[in-house]
Amino acid sequence: MSIDQHVLPGPEPVLNLPACHKEEDEYEMVYHKPATMVDTAMHYCPGCAHSLVHKLIMEVVEEMDIQEKTVGVAPVGCSVFAYDYMDIDMQEAAHGRACAVATGIKRLMPDKYVFTYQGDGDLAAIGIAETLHAVNRGENILIVFMNNAVYGMTSGQMAPTTLPGMHTTTSPDGRDVGYYGAPIKVSELLAVLPGSFYVTRQSVNNPNAVRRTKKALQNALKYQQLHKGTCLVEIIGNCPSNWKMTPVEAAKFIDEEMVKTFPLGDIKVPNAEDLKIF
Amino acid sequence: MTEFKLMKGNEAMAEAAILAGCDAYFGYPITPQSEVLEYLAREMPKHNRIVMQAESEVASINMVYGAAGAGFRTMTSSSSPGISLMQEGISYIAGAELPCLIVNVNRAGPGLGTIQPGQGDYFQSTKGGGHGDYRMIVLAPASVQEMADFVYLGFDLAEKYRNPVLMLSDGAIGQMMEKVKFKPYTRPEVDKSGWATTGKPKTRKRNYITSLHILPEKMEEHNRHLEEKFKMIRENEVRFEEYNTEGAEYLFVAYGLSARICQKAMDMARQKGIKVGLLRPVTLYPYPYQRLNELAAQVKLMLSVELNSGQMVEDVRLAVNGKVPVEFYGRMGGMMPTPEEIVHHLETLIQYHHVN
Chain D
1 MSIDQHVLPG PEPVLNLPAC HKEEDEYEMV YHKPATMVDT AMHYCPGCAH SLVHKLIMEV
61 VEEMDIQEKT VGVAPVGCSV FAYDYMDIDM QEAAHGRACA VATGIKRLMP DKYVFTYQGD
121 GDLAAIGIAE TLHAVNRGEN ILIVFMNNAV YGMTSGQMAP TTLPGMHTTT SPDGRDVGYY
181 GAPIKVSELL AVLPGSFYVT RQSVNNPNAV RRTKKALQNA LKYQQLHKGT CLVEIIGNCP
241 SNWKMTPVEA AKFIDEEMVK TFPLGDIKVP NAEDLKIF
Chain X
1 MTEFKLMKGN EAMAEAAILA GCDAYFGYPI TPQSEVLEYL AREMPKHNRI VMQAESEVAS
61 INMVYGAAGA GFRTMTSSSS PGISLMQEGI SYIAGAELPC LIVNVNRAGP GLGTIQPGQG
121 DYFQSTKGGG HGDYRMIVLA PASVQEMADF VYLGFDLAEK YRNPVLMLSD GAIGQMMEKV
181 KFKPYTRPEV DKSGWATTGK PKTRKRNYIT SLHILPEKME EHNRHLEEKF KMIRENEVRF
241 EEYNTEGAEY LFVAYGLSAR ICQKAMDMAR QKGIKVGLLR PVTLYPYPYQ RLNELAAQVK
301 LMLSVELNSG QMVEDVRLAV NGKVPVEFYG RMGGMMPTPE EIVHHLETLI QYHHVN
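Protein sequence lines, in the order shown, are assigned to chains D and X.
1 is the number of the first residue of the first sequence in our numbering; add one for each residue after it.
1 is the number of the first residue of the second sequence in our numbering; add one for each residue after it.
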């Protein structure tokens, strides 16, 4: 079938502009894409949380005016190309090693804002040692932990955070907790370490959640100025493609299923004394 | 005037790292090179440099990646099993073209092996080690003095070519004490602003460090670029030393500690009237193929002496290309050949090949 056959027959559609139509320069700007984003199309699937979270981080970087002072570390996984979208200096780490790479960057440049952006396979499976030790050292970095309970890039295998009974390509009958253990609650695990300063779990599946996630990212980057320890912002992401759902169903799945294992909210917050300078 | 000091190879290497302006050292304890981390843990803070004991060699090489990617002069060291753990990181560092120095104080293997010296990591060092098409410049010190000198050389070459450099020492040179003189050193100017991730000012495009090239055309282009670089290295950086090769009828080929033993064996053989010389490759990559090929037109027999079961001998045979017999003698597990043993082996081979 040639592509021409998809073109609808008939006359050119007529654009019926409403009476309140204004010329472009008459509109008030209420939203713009952050200038800290690269102006390009993204490879992410429709409904995927990555693009939204990339944008939130870059909005915060723009609003704090820290583009010149920020260095990001991209993982291996769907967000391996993060440096194609974020207009900041970045390093692409080996699978799981982002926190070690970030340690190397931050220790040499303690006044820069350094963050890692990692998925659940990258952070909680192959990179759990690097992550745990970086947090235990209190590395003064932000870890953005995207938890969507599957390996996205390799197309939907079981992750350390896959829900009990959840079907994936490598747990076709559902995750058997007796065989593979229960999903790792990374944030709760790392919050008990004295090296962690701020640990929160958020989502981006509705407008309010997006606002809360942005606030969490703002806090976490701001806290880096304190040199008090690691900030971890876990974000429950949606993976409609590998969950075999529509984006709307995936957003609903987070509220109905994911939060049972991964309850949303702050897990560790700084005490008021530490935040006095702000 | 610079004075001689009496130092362990590992400590001399650590001191040279400080003098070479190494900004950061990341390491993990392993025998026989834990002195490096200990020495630097004590000394680096005095110079406001970073020293860190990582949770593993996997972590330490990736910390090196991060620091090197941010444009800093950085290094790590380990011994064989630890260097195996670093291979993933080394491959990424080579792919992302980051300059750094890695020191392997080789112990005998495979597996946990023993903590005694060995040269069993020749293949791993020179033929890849990690995955994919890449090479490291490999420097093989034969003395405590060279363990110090090659730190400067290693950093300079790494930055000149934006490539990891490996110093392949061994447990004996690392642990033994010898006199060493720290020579005055001038650090070459290197501009890293075109790629180092120091934070993106509005005036330039973003810098990013990656080894990922998902499109086949781009990957091959990057491979070809790397190959061009390795070709330049092969053309410009071959280093070796020759002893008594003029008029020699036989040739020892040995690097590092084996070359030290072969020097003594050579002297003993020459006293017996056997005209044997020694070629000591200083760079194991790039390898002195051409010089060995020239010498093959002159000598009747070559003997590669190594502390392994025969690894470098394959490169000697490649160089000689069948012109003369190339034989091998090796000891393993931390056992050292005596000079007498080597001379005896040479005499036996001369008779066997009828090349007396």
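One or more hints might be untrue.
As the list claims (entries may be wrong) - No more than 25 Å apart at the CA atoms, straight line, and that leaves these computed lysine-lysine pairs for BS3-like:
no., chain 1, residue 1, chain 2, residue 2
1, D, K214, D, K260
2, D, K222, X, K202
3, D, K69, X, K5
These aren't lab readings, by the way, just hints derived from the structure by calculation.
What you are looking at is a predicted structure, and each value in this text was computed from that prediction instead of being measured.
A quick look at each hint next to the structure:
no. : hint            : result
1   : D/K214 x D/K260 : holds, 22 Å
2   : D/K222 x X/K202 : holds, 21 Å
3   : D/K69 x X/K5    : violated, 43 Å
In terms of the numbered hints stated before, the structure departs from hint 3 and from no other.
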